[in-house]
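2 protein chains.
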Amino acid sequence: MTQIGFVGLGKMGGNMVARITRDSDHDVVAFDRDPDVVTTIAEQTGARGADSLEDLVGKLQAPRLVWIMVPAGAPTQGTVDALAELLQAGDTVVDGGNSKWTDDKARAATLAAGGIDYVDVGTSGGVWGLEVGYCMMVGGPDEAVTRLAPILDVLAPETNELSRDAIGPRGWGHFGPSGAGHYVKMVHNGVEYGLMQAYAEGFDLFDKSEYDLDNAKIAHLWGQGSVVRSWLCELAARAFELQGNDLSELSGYTADSGEGRWTIAEAMDRDVPTPVITASLFARFYSRANGDFTHRMLSALRAQFGGHATKKSADG
Amino acid sequence: MTQIGFVGLGKMGGNMVARITRDSDHDVVAFDRDPDVVTTIAEQTGARGADSLEDLVGKLQAPRLVWIMVPAGAPTQGTVDALAELLQAGDTVVDGGNSKWTDDKARAATLAAGGIDYVDVGTSGGVWGLEVGYCMMVGGPDEAVTRLAPILDVLAPETNELSRDAIGPRGWGHFGPSGAGHYVKMVHNGVEYGLMQAYAEGFDLFDKSEYDLDNAKIAHLWGQGSVVRSWLCELAARAFELQGNDLSELSGYTADSGEGRWTIAEAMDRDVPTPVITASLFARFYSRANGDFTHRMLSALRAQFGGHATKKSADG
Numbered sequence: 050m051t052q053i054g055f056v057g058l059g060k061m062g063g064n065m066v067a068r069i070t071r072d073s074d075h076d077v078v079a080f081d082r083d084p085d086v087v088t089t090i091a092e093q094t095g096a097r098g099a100d101s102l103e104d105l106v107g108k109l110q111a112p113r114l115v116w117i118m119v120p121a122g123a124p125t126q127g128t129v130d131a132l133a134e135l136l137q138a139g140d141t142v143v144d145g146g147n148s149k150w151t152d153d154k155a156r157a158a159t160l161a162a163g164g165i166d167y168v169d170v171g172t173s174g175g176v177w178g179l180e181v182g183y184c185m186m187v188g189g190p191d192e193a194v195t196r197l198a199p200i201l202d203v204l205a206p207e208t209n210e211l212s213r214d215a216i217g218p219r220g221w222g223h224f225g226p227s228g229a230g231h232y233v234k235m236v237h238n239g240v241e242y243g244l245m246q247a248y249a250e251g252f253d254l255f256d257k258s259e260y261d262l263d264n265a266k267i268a269h270l271w272g273q274g275s276v277v278r279s280w281l282c283e284l285a286a287r288a289f290e291l292q293g294n295d296l297s298e299l300s301g302y303t304a305d306s307g308e309g310r311w312t313i314a315e316a317m318d319r320d321v322p323t324p325v326i327t328a329s330l331f332a333r334f335y336s337r338a339n340g341d342f343t344h345r346m347l348s349a350l351r352a353q354f355g356g357h358a359t360k361k362s363a364d365g
Numbered sequence: 050m051t052q053i054g055f056v057g058l059g060k061m062g063g064n065m066v067a068r069i070t071r072d073s074d075h076d077v078v079a080f081d082r083d084p085d086v087v088t089t090i091a092e093q094t095g096a097r098g099a100d101s102l103e104d105l106v107g108k109l110q111a112p113r114l115v116w117i118m119v120p121a122g123a124p125t126q127g128t129v130d131a132l133a134e135l136l137q138a139g140d141t142v143v144d145g146g147n148s149k150w151t152d153d154k155a156r157a158a159t160l161a162a163g164g165i166d167y168v169d170v171g172t173s174g175g176v177w178g179l180e181v182g183y184c185m186m187v188g189g190p191d192e193a194v195t196r197l198a199p200i201l202d203v204l205a206p207e208t209n210e211l212s213r214d215a216i217g218p219r220g221w222g223h224f225g226p227s228g229a230g231h232y233v234k235m236v237h238n239g240v241e242y243g244l245m246q247a248y249a250e251g252f253d254l255f256d257k258s259e260y261d262l263d264n265a266k267i268a269h270l271w272g273q274g275s276v277v278r279s280w281l282c283e284l285a286a287r288a289f290e291l292q293g294n295d296l297s298e299l300s301g302y303t304a305d306s307g308e309g310r311w312t313i314a315e316a317m318d319r320d321v322p323t324p325v326i327t328a329s330l331f332a333r334f335y336s337r338a339n340g341d342f343t344h345r346m347l348s349a350l351r352a353q354f355g356g357h358a359t360k361k362s363a364d365g
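Protein chains in written order, with our numbering: chain P, 50 to 365; chain H, 50 to 365.
Any given hint could be a false lead.
In silico DSS-like cross-links for lysine-lysine, where the CA-CA straight-line distance does not exceed 25 Å [claimed, not checked]:
{"no.": "1", "chain 1": "H", "residue 1": "Lys154", "chain 2": "P", "residue 2": "Lys257"}
{"no.": "2", "chain 1": "H", "residue 1": "Lys266", "chain 2": "P", "residue 2": "Lys154"}
{"no.": "3", "chain 1": "P", "residue 1": "Lys154", "chain 2": "H", "residue 2": "Lys154"}
{"no.": "4", "chain 1": "P", "residue 1": "Lys266", "chain 2": "H", "residue 2": "Lys154"}
{"no.": "5", "chain 1": "P", "residue 1": "Lys108", "chain 2": "P", "residue 2": "Lys154"}
{"no.": "6", "chain 1": "H", "residue 1": "Lys108", "chain 2": "H", "residue 2": "Lys60"}
Computed spacing ranges between beta-carbons, pair by pair [unchecked claim]:
{"no.": "7", "chain 1": "P", "residue 1": "Met317", "chain 2": "H", "residue 2": "Phe354", "range": "14 to 24 Å"}
{"no.": "8", "chain 1": "P", "residue 1": "Arg310", "chain 2": "H", "residue 2": "Glu298", "range": "28 to 38 Å"}
{"no.": "9", "chain 1": "H", "residue 1": "Ala338", "chain 2": "P", "residue 2": "Lys360", "range": "38 to 48 Å"}
{"no.": "10", "chain 1": "P", "residue 1": "Gly217", "chain 2": "H", "residue 2": "Val176", "range": "38 to 48 Å"}
{"no.": "11", "chain 1": "P", "residue 1": "Gly163", "chain 2": "H", "residue 2": "Asp253", "range": "48 to 58 Å"}
{"no.": "12", "chain 1": "P", "residue 1": "Phe354", "chain 2": "H", "residue 2": "Pro322", "range": "17 to 27 Å"}
{"no.": "13", "chain 1": "P", "residue 1": "Thr151", "chain 2": "H", "residue 2": "Pro322", "range": "51 to 61 Å"}
{"no.": "14", "chain 1": "P", "residue 1": "Gly163", "chain 2": "H", "residue 2": "Phe354", "range": "48 to 58 Å"}
{"no.": "15", "chain 1": "H", "residue 1": "Glu298", "chain 2": "P", "residue 2": "Phe331", "range": "52 to 62 Å"}
Just so you have them, the derived chain P footprint on chain H, three or more residues with Cβ under 8 Å [stated by the list, open to error]:
{"no.": "16", "segment": "138-148"}
{"no.": "17", "segment": "269-280"}
Keep in mind that the hints were calculated from the coordinates and are not lab data.
Just so we're clear, the structure is a prediction, and the values are computed from it rather than from any experiment.
Note that beta-carbon positions come from the ideal geometry of N, C-alpha and C, so glycine has one too.
Work out the full structure: start from the sequences and follow the hints.
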């Protein structure tokens, strides 16, 4: 039985607490800045609720494990800073969010001065993680990761026996010192952008083809022994089935949550050409009607050199 | 029991004949321009050997099915033309190679004049198809595809129950008239280029990272519930295991067999932006030391405008 505190009970944090309490006898103390959420999660999962960070820390026995699952950036940094004041040497802070790996390195160095360990956990699997388990990429000191392992085993169990010889019967891996987990997760997301864009371009061609092609049927068939079979292809089949082969009711506006930008920034720092990951991020920018000035300027220049007609904008 | 003639007994054709004779009681007549190969395949598989196209056609009962599995382009066209002289109305020619879909349309029109049906089958799964079954994308007239179905069921069985409701218990799909099969396969390969390049860029970053990352371990872990899990990721794990995390004994020279170029040409015809598929093909061109003149010209221009030092080539 391992004891762990959870800070942040949103969709991801709440699902993780639910998974741990459902599948193990680990003792979870749960806190969220919204007290109603704490009450709900405590009732639903059997986790012990805490009404403040102080209360959460007080309900854990040293050496403590505290898992932070709040939005990356200021909310996570603020929580780390607050916990630094409350925890003691030998305790461990775990950041399970989407932090930038360089932030992890800075936090680990700060906390280490007080003898507190810092473990970064990059999580993939999204909202499906509650059901099938997450894939977790971990960075941090060996001892702290070893103490966290029983929790990781529940959150990220083996889902594919193929890799048991290589990584053991688990769905998490420890890749190096602090920052390494989020580094691997960052690049995972950059690769994910490229994979998504490659499929999307292919199905865009099917949409425009002279044949009357059934995108759902193609995506389903590609799951049958083809070289491009993947979970994303299964999700595509599901999307075409639920939303129609032309996805006509969806907006094309595609957000990004930063990891693609960080991947490309790292590629700049390391002189690694990443044309596909970069083009995938830029395609998302285009999907948000960015590049608008570029397009007006192209139109203007064509008119200048060749007298090509320009179209006026609808409201111009 | 269905009867089929096979023309071309190379790695793919030979494996297909082996799979059909191993897993069904279908009657296969096999021909290759190399008589030794015919003898070997006949001995290994129990297929009946033929010593010429005439002999093959003579050994099949009308209405005949003849599957061509020779290199795309002139060899396939020559075989189709020769068979057109030997077959009769009601017979069906199947092209299981990597033909361009526009060639399929032209052949189908020519053969239709003589009452001969033409079915195009795009095949994915490579050398793993013998073991796990192929994924087959089919175009052609309904009746001809129905006659071919018992053969397709053996070559391309269901490998993923997830899609049974959508496409039935099979690993092949019929997508439209002649050309549709190779069209879907062409785009499949374009997508495949993009997927491969996305993974490759990500692992290139791992190779250059300040962390001492284990590529095999990462690729194996990504197979455990991550969003980027796929068969290509499993193959990457296998490659890193067998050839080392730095792949240092491999040449980077990466060939292409045409489908990527055709995908991009089709994107031009349909005004579909395909930046990732295009960048993936161009990355392969770079891998063959193309772009050399571009690079020399960049070097020359930097020297011209800024006085930046140029490097002489090793032999210049």
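Right, here's what the structure says about each hint:
Only pairs whose Cα atoms come within 25 Å are accepted, and Lys154 of chain H paired with Lys257 of chain P is accepted, the gap being roughly 18 Å. Proximity of Lys266 of chain H to Lys154 of chain P is assessed by CA-CA distance (about 22 Å); at most 25 Å being required, the pair is judged to hold. Proposed proximity of Lys154 of chain P and Lys154 of chain H is contradicted: the alpha carbons are some 59 Å apart, above 25 Å. For the suggested pair Lys266 of chain P and Lys154 of chain H, the alpha carbons sit about 22 Å apart, so the restraint of at most 25 Å is met.
About 28 Å separates the Cα atoms of Lys108 of chain P and Lys154 of chain P, which puts this hinted pair outside 25 Å; it is violated. Restraint check: the Cα-Cα separation between Lys108 of chain H and Lys60 of chain H comes to about 24 Å, which is no more than 25 Å; the hinted pair holds. Roughly 23 Å separates the CB atoms of Met317 of chain P and Phe354 of chain H, a value that falls within the hinted 14 to 24 Å. The supplied range of 28 to 38 Å is met by Arg310 of chain P and Glu298 of chain H, whose beta-carbon atoms lie about 35 Å from each other.
Against the hinted window of 38 to 48 Å, the Cβ-Cβ separation of Ala338 of chain H and Lys360 of chain P comes to about 43 Å, which satisfies the hint. A hinted range of 38 to 48 Å is violated for the C-beta pair Gly217 of chain P and Val176 of chain H, which are about 30 Å apart. Roughly 37 Å separates the CB atoms of Gly163 of chain P and Asp253 of chain H, a value that falls outside the hinted 48 to 58 Å. A hinted range of 17 to 27 Å for the beta carbons of Phe354 of chain P and Pro322 of chain H is consistent with their spacing of about 23 Å.
Under the hint 51 to 61 Å, the C-beta atoms of Thr151 of chain P and Pro322 of chain H, about 33 Å apart, miss the expected range. At about 54 Å, the beta-carbon gap between Gly163 of chain P and Phe354 of chain H stays in the expected band of 48 to 58 Å. The hinted window of 52 to 62 Å between Glu298 of chain H and Phe331 of chain P is violated, with their beta carbons roughly 35 Å apart. Residue count for the segment 138-148 of chain H with a Cβ under 8 Å from a Cβ of chain P: 0. That is fewer than the three needed, and the coverage hint is violated.
A count of 12 residues in the segment 269-280 of chain H with a Cβ less than 8 Å from any Cβ of chain P is obtained; the coverage claim is therefore met, three being the minimum.
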